[in-house]
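Student: Each chain is listed here by its residues.
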Amino acid sequence: MQAMMIARAKELLESGAVDRVLGWKTGEFVYDVTPAVFTSAEELDAGFVYDEFCGPNLSKYLISESRKGGKVLAFLKPCDTYSFNQLLKEHRILRENVYVIGVACEGKTDGEMLKAAGIKGITGIRSEGGSLVADTLYGEKTVKKADVLHERCLCCKSKKHVVYDELIGEEGEPDPGCGRFDMVEKIEAMTADERFAFWRGELSRCIRCNACRNVCPACSCEKCVFDNDASGIAQKAAADDFEENMFHIIRAFHVAGRCTDCGECSRVCPQHIPLHLLNRKFIHDINRFYGEYQAGEDTDSRAPLNTYSTGDVEPSIVYEKGGNR
Amino acid sequence: MSQEALIPLLGVVTDIRIDTPDVKTFRVVGLDGKKVFEHVPGQCAMLSIPGVGEAMFSITSSPTNTEYMEFSIKKCGCLTSWLHQMDVGQQITIRGPYGNGFPVETALRGKDLLFIAGGIGLAPLRSVINYVRDKRENYGNIQIIYGSRSMDDLVDYKEILDEWMRDESITVNLTIDREQEGWDGHVGFVPNYVKELSPDLGKTVLMCGPPIMIKFTLAGLKELGFSDTQVYTTMELRMKCGVGKCGRCNIGNKYVCKDGPVFRFDQLGELPDEY
Amino acid sequence: MQKLSLEKLGGFFAAIAEKAALYLPVDNAAGQAQYQRWSEGAVLSSALNTVRSAKDFFFPQTENLVDFKLKGKTIEITDPRTEQEDFVVFGVRACDARSFSILDKVFLADPVDGYYKARREHGTIVTLACTEPEETCFCQSFGIDPAEPAGDVSCWKTGTDLFLRANTEKGEALLSSLSALLEEADEAPVRAQQEATREILKKLPLAAFTTESFGGDVLKKVFDSEKWAELSQSCLGCGTCTFVCPTCQCYDIRDFDTGHGVRRFRCWDSCMYSDFTRMAHGNPRLTQKERFRQRFMHKLVYFPANNNGEYGCVGCGRCLAKCPIHMNIVKVAKTLEGELK
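Residue numbers (numbering that gives the first Met the number 0), protein chains in the order written: chain A, 0 to 324; chain B, 0 to 274; chain C, 0 to 340.
This is chain A alone, in the form it adopts within the complex (with noise of 0.2 Å):
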């Protein structure tokens, strides 16, 4: 696969079709990958890899790549696909300047996911069939895929991209029973106070370090309201903690109606908060009061908060399927 990808990024440069590449870059240990782009065959030699590792979205980095002139390839896993079209519906990406290759994608996990089960002094990373073999410090260890893949692939909800100019690898269906809301209505069904001590501990690790903020393509506002003295709300750390909080809820209200559920968000968190059920939620409560909706599904039809209509959902049905139980 990363040959093919390779060898097809070369040709376009070749032929002046893109004059620059949109990828992942190796890094030190096996399973720190950097976004990069690339701008000759030298250079995606030297560093290209498409792997299991290659979690980051690069659609965000379209927005400013998109504007520096000359066409840039960029390769897009289908949660990426979503990510990309939803910038394009909002204007942020210019679709005449990037040349999309979709990419088969069978699941990411990273380093800390390695970590978490219980692997490390890595020194090396393969691949075996379903199995990840990783040489370490303190011995071999194997480990199945299945078993480190980030949460968000786990509850994958289409591995079918919708958007590119071409595809690499096989193509995935839709899996509408992917039970990514599975967590949401958990939480759901707890009490209000279970459910606030819930959140009151996963956001209580924030150290506002402002990863998912910026990692997020939904949030790409040049100036956001957390940075501007005038908004009143802009702090580095919260003066007192509850508005830690604070930051997450009102980061998911901007987001809402437009999040793709790529999952960045907690992927980036370093304290491993689940922020990703922020977002599902308002997901959620958005398919159940104006009808299933997938953001980034296509980049015409009209969005269900920026459209009125008259059978829009009334306060009260808001106020009882919100959650007030």
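Hints in this document: simulated from the structure, not taken from any laboratory. Careful, some of the hints might be misleading.
Claimed, not checked - Listed below are the simulated DMTMM-like cross-link pairs for lysine to aspartate or glutamate, each with C-alpha atoms no more than 20 Å apart in a straight line: (1) B/Lys34 - C/Glu289; (2) C/Lys220 - B/Glu269; (3) C/Lys333 - A/Asp146; (4) C/Lys72 - B/Asp31; (5) A/Lys67 - C/Glu75; (6) B/Lys110 - B/Asp133.
Take the given structure of chain A and dock chains B and C to it, following the hints.
Tutor: Chains B and C in isolation, oriented as in the chain A frame:
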């Protein structure tokens, strides 16, 4: 507990003078009516209104003024806008003095001095000018080249006319950017005026103004033959702690609040061009 | 050298906690280690290190500096500081222990930061030697020996015992207050553990990593390198690296209207943030490239230039593990080193 650097003292504004449409000069003393602290020309102080903001301002009065300190403040942000609409008698918080100041008792003694200023850039230099005037016999001849956008934007204009221009041992050359009715003095940008005046190469230059003025004036001075080691300037960057700890105001490995704000151009030459 | 059987560890912690606030690394709900105040039943984490470093104890994320009350034209100033209580931090690793001396160089330099100083004076550091370093570790590159950590008291944990050795007066005071629980010990097991750890250290992927070529002398050369553009390309500017780093100490000072007055507090800030150097009339670091460059220039060049060659990094590896897009000081140093040869 001993006075903590980040905990300010209280001061009160006893006089507010309108200099230009966007510059006011504030007179500050402690609650006991005396100066809050002593300083060296070129040093600065952090002033604040709690809840509005805190910022670093250069002390424009000379330390030889034993009665009060003055700050010439340009209205351009949150705190400065607030200061511009306040009344006399308002208390403010003040802490300082911060920075290295100009070497008035060492490198500058006995020298012929040339002050070049643009707009509000005159404020820190005024501290030196008045210091030098009060200790006149320690210094050589004094020349001041000062320019601003227009006649109304000349800071300390009254003092310039009534005191500096009447002092025979000081040469004052004023200029404004464009022709203006009521002005029969020189018209032109400061860098060009400096080249026109072609000052003596034996002078030590103290310069302060907008970055673009500094850039072109320095280039002009070098063309005339001045070297980096005889030109001083004072820098300004965003500051929070004022004591070299918060990591914000550095140029290379030097902190403007602590190792500066006064730098000689050869020192700046060793630092990255990031200011 | 003294020792204590691991079975008595709970009692040991209880005894310390009677006289001072005790903090130790404990596994949290997300399965990662974090420092928590000891309470009955707390279990010492077996993780290599905590996510948040120990700098929190001396330089907390938020800290009240001064309180104001405004009435008409008058301002009332109140110093909010109370007597700092004594505290003990147990389980600090060698890398974090070194970070304190780096932070000291900033906060204890003239004018001394009283808030930091009070905490340093009242804090006792009990370090714990590492036995299973990970691939992200490179403390060795800065002359740190994880098998011989600094601190008021150094500890080694074997399968059966905890070995302790006081290094300073504070450490001796702590151990003598617990002498009833401790017994004299032969150093041999500690030596054996140290040998084993040092063997592993030699095999670490980053064992040969060095920052020797960086320092004040190459300031301009490193600054002007063209590699910064590609290094900073995918940086999100999130600030995670700064917050998990044990030596990063930039802070912001802000005013907060409590409704009853104004509280001036300081909080962690990051040079990676877009508004770090933003002024009313401009910003010397307009793009992420300049901000990214600033952070690494500070650690590799500016800090050593101001502190006799000591680097602003302790090789803890947190930035390697936590950066969302896996950029870190090792990659930066390795990329730029080529320019210096």
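Student: Would the hint linking lysine 333 of chain C and aspartate 146 of chain A be met if the CA-CA limit is 20 Å?
Tutor: With Cα atoms ~34 Å apart, lysine 333 of chain C and aspartate 146 of chain A exceed 20 Å; violated.
Student: Straight-line Cα separation of lysine 220 of chain C and glutamate 269 of chain B no greater than 20 Å?
Tutor: holds (11 Å)
Student: Hey, lysine 110 of chain B versus aspartate 133 of chain B, does the alpha-carbon distance stay inside 20 Å?
Tutor: Holds, because 15 Å separates the two Cα atoms, which is no more than 20 Å.
Student: Holds or violated: lysine 72 of chain C and aspartate 31 of chain B, Cα atoms, limit 20 Å.
Tutor: Within the cut-off at roughly 16 Å; holds.
Student: Is the straight-line distance between the alpha-carbon of lysine 34 of chain B and that of glutamate 289 of chain C 20 Å or less?
Tutor: violated (41 Å)
Student: Is the Cα-Cα distance between lysine 67 of chain A and glutamate 75 of chain C 20 Å or less?
Tutor: The hint is violated at about 54 Å.
The structure is inconsistent with the numbered hints 1, 3 and 5, although it conforms to all the rest.
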